[in-house]
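K.L.:
Listed below are the residues making up each chain.
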Amino acid sequence: MLIVLALIMLVLLLLGYPMMVPLAVGTLFMMFTGMTFFGPDQAVTWMVTGVGSWVLAAVPMFIFAADILTKGHTANRLLDLVDAFSRHWRGGLPITTAAACAMFGAVSGSTQATVVAMGGPMRPRLLAKGYPDSFALALIINASDIALLIPPSIGFIVYGVVMKTSIGDLFLAGILPGILILMMFATYCWLGARAKGIEPESRASWPDRLRALRRAILPLGFPVLVVGGIYGGLFSAVEASAVAVAYALLLEVVIYRKVSIRDLGGLALSSGMITAVVFILVAIGAAFSHTLGTAGVPEKLLGPAIDAIGDSQTAALALIAVAFFVGCMFVDPIVVILILVPIFKPLVESAGLDPVHVGVIVTLQAAIGSATPPFGCDIFTAIAVFRRPYLEVIRGTPPFILMLLLATVVLILFPQISLWLPSLGNP
Amino acid sequence: ETWRIGLEEIEGSVQHRYAERFKELVEKKSDDEINVQLLPYGTWGSTYSALYDAIQGGAIQLGFGSGFLGGTVPESQLLNLNYIMPDDQWLTAKVLNSDAFLKSEPWRQAFRARDLVALAELPEGNQAWTANKAVRTPADMKGLNIRVMDNSLLRATYRAYGASPTSIAYGELYSALQQGQAEGNIQPIFAHEEMGFYEVQDYMIFAGQSQFVATLIGNADWYDGLSDDQRAMIDAVTKKLVREGHDIQTRFNKKRLKAIRSKSDIEIIELDDAQRDAFRELARPVRETYIEEVGERGEQSLNTLLDAVKKADGKQ
Amino acid sequence: MKFAIKGVLAALAVLDRAIGVIERLIIGGTMLAMALLMSAHVVGQLLFDRGIPGTYEVTEMLIVVMTFVGVSYAARHARHIRMSALYEQLHGGARKALLMLICVGTATLMFYFAWKSGQYVIDVHDRGRVSSALGLPMWIVYQALPAGFALAGIQYLLTLIRNALSPGIWRSFNEEETYSDVPVHGGEAGGHHDDRV
Ligand code: NA
Ligand code: NA
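Chains as they are written, first to last, in this note's numbering: chain A, 1 to 427; chain C, 1001 to 1316; chain F, 2001 to 2197.
Think of the hints as simulated: they come from the structure by calculation, not from any bench.
Please note: incorrect hints may appear among the correct ones.
Within a straight-line C-alpha distance of at most 25 Å, the following computed DSS-like cross-link-like pairs (lysine-lysine) qualify [to be verified]: (1) C/K1263 x A/K164; (2) A/K345 x C/K1263; (3) A/K164 x C/K1240; (4) A/K164 x C/K1258; (5) C/K1240 x C/K1255.
Every value quoted in this text rests on a predicted model; they were computed, and no experiment measured them.
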């Protein structure tokens, strides 16, 4: 029965049905074949309750904030800042791109918004400098995923709530791994530029750098305000997403005046649609996962693996990483976190793993998943924004995915990289 | 025949232990004709209203409804009112499960109107306050940012005490207490222990204001479709479980409190009668809020309960 | 015959545009309302020690409305996430046939969910479920499900009709597929000049 279920879903998937269809048909299949005692009425309940959740409000809010910043001046100011400091390095332009993506990640919770905000202006410049398009696209997509590790991060918020773990600690834990990955990417860019013989650009002068810094000071207030506010007990992580919107409005509408009140309707509409596209999958994904659960599928699939692991923490972490990696290859990361975290929670507890560290691994896998074929919201965003066919968008991704997997291994072996910063906060 | 019973709590909880006993007794009394299946939190979904929906729709025949049941059965918020039940926990369990209250017309109708029947009440122990400062009088409570469920009745109650109640989603509560966004919290002891709230709070205060009470509910159509014998059997089982339920919760909470004490140096404050009276006085007008919100059936339910309490107190 | 087809499409287009306007208002409106409510709640807590009662549940309701009405709006703009690798390998008639197959299947599912969730709304109405903080009747909010699913079903049906009646491949009623093999002209976002041809 399980094989039939998997086959049906896979065929629908490959035929190109909207992702909600295989999930829904899989759910209904289990219900109609009696794999669970719940019927389709309960599927509707699960859809409503799956998406009607306060925590998820952080998703539309961060997307909206990022859309406002992208339309406004903030994105360019951050870009100029990074550019002023790194343009003269070999491979400076792609390194700038990667660093700027990480930095925009620090003002926004959304990887997709980062693709748009940083990829939009940087791709033409990369192409002009002689980098191949497949490299440029892969760099933008994968560097944007660092946004998921640099606070604030939608992934951490959702994980923290499902796992009942301190979101503040998760935010701190993501910083060093994010920087580690950024450095790996930078090395790759440097090697690539050397191999291709691409010359660096001229060095920016100090007055130019100071000017860029001054122009970026208000946007740099974002992470300070959001993370500081959460740590200072001013507001919760979910509420912080609304603070991000308010700050984005203050910057772009009141101070820079790049976004008009009239623009807001259109921005709200497009942010709302992106939210809906993800959330309908969250809704149907909730129905799917609860149905799977009542049908006893996770035990059937995971039981043997968990027995084999015994009490090895590294093996448990590796299993979790693989499961999330595979899951995120097919489904949106938020959906995967919502579905898989409850399934793995008992394993995390029984193996005595630190839930904060697991959160970093899981979020990293979600980030990789966003950029990994066949599915990945960043891939789809890139297709829509840059208007390139699917296959070209994914062609340059393998080296990046290899680096991200390497980072996963490093983090599994050296948990201190993620746990050191939060440990300073909680002596 | 399979009866499924949905729990709001995870395995190893008071509800779970009660349901295990319910299962044993029903299966034995029915000579294994009936098979009872327990569905702990998570197996039916993760939002309580999904459980209530499943019971109302009949996919699950039985289950527990507690603090969150107010949206489904507004009258059930009665059990959230402060200082309406006896100080003695065992007496409370008896009164709530007495025919005079549980089978009274207003209480019965409140559940019937939502396709449900109330089969038993399971008090799960006293709700305790925690805070970062000692609270002994309403003056100590003044302006305290205490977290309550987003529920107008609880907000009114704590505003009456002089606090500044704030609503924080359960999932965000631990870090909100840790970072100081909330300065206090109200939970049954097992929740304080399970969620580790005590780790980030300095004082735990017992004011005897209310217990955490879960109602064992059944789907009305399912219940009406049972044979008379089966209904009598459920009656007998739930009657027997009043005492056992009380023993289960007492044992659990004692153990949990011990765990809290051994794992932290949280200071425990037990209010004496005079101190409780100060809060009791302030809580009284909130009954009107309940009546205003819930209406006539609520008022009748409240009066029925108060009468039952008075009678029981007198007999004591 | 050709005239009749044109008439049918024109009539459908008018209806479709009207629904589109309503969808836009609802989705943009819920997003703005959510931002306003949540920020006001935070400000209230910071300045007056008192948030706005019911912020949590109203936010949750807004998400429900945004999501399910958004299903239809995203269908209208062919924005639902799907794996298009295989689809992109096909051309001409085969591609059109596959697209129409997808439309039929998806429309069926949407109408099924519209019916099921419609029943759910009636149940919730009859049982008098209200929200726990403000006591708002939940069936009003949940109407977004049957409405959104039904409208999404109609979108897929309209796309099917458009593909059946008009030449070319239409990924939605109003949008013809054009970009897949077209040269690039810059990212939408930055509006920067793209010098690659
Ligand atoms: Na981020
Ligand atoms: Na992916």
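K.L.:
If a hint holds in the structure, say so; if it doesn't, say that too.
P.N.:
Against the structure, the hints:
Of the supplied pair hints, the one linking C/K1263 and A/K164 holds, its CA atoms being roughly 19 Å apart against a limit of 25 Å. Among the hinted pairs, A/K345 with C/K1263 is consistent with the structure: their alpha-carbon atoms are about 23 Å apart, no more than 25 Å. Of the pairs offered as hints, the one joining A/K164 and C/K1240 is violated, with about 36 Å between alpha carbons and a cut-off of 25 Å exceeded. For the hint linking A/K164 to C/K1258, the alpha-carbon distance of about 23 Å falls within 25 Å, and the restraint holds.
A hinted pair counts as satisfied when its Cα atoms are at most 25 Å apart, and C/K1240 with C/K1255 qualifies at roughly 23 Å.
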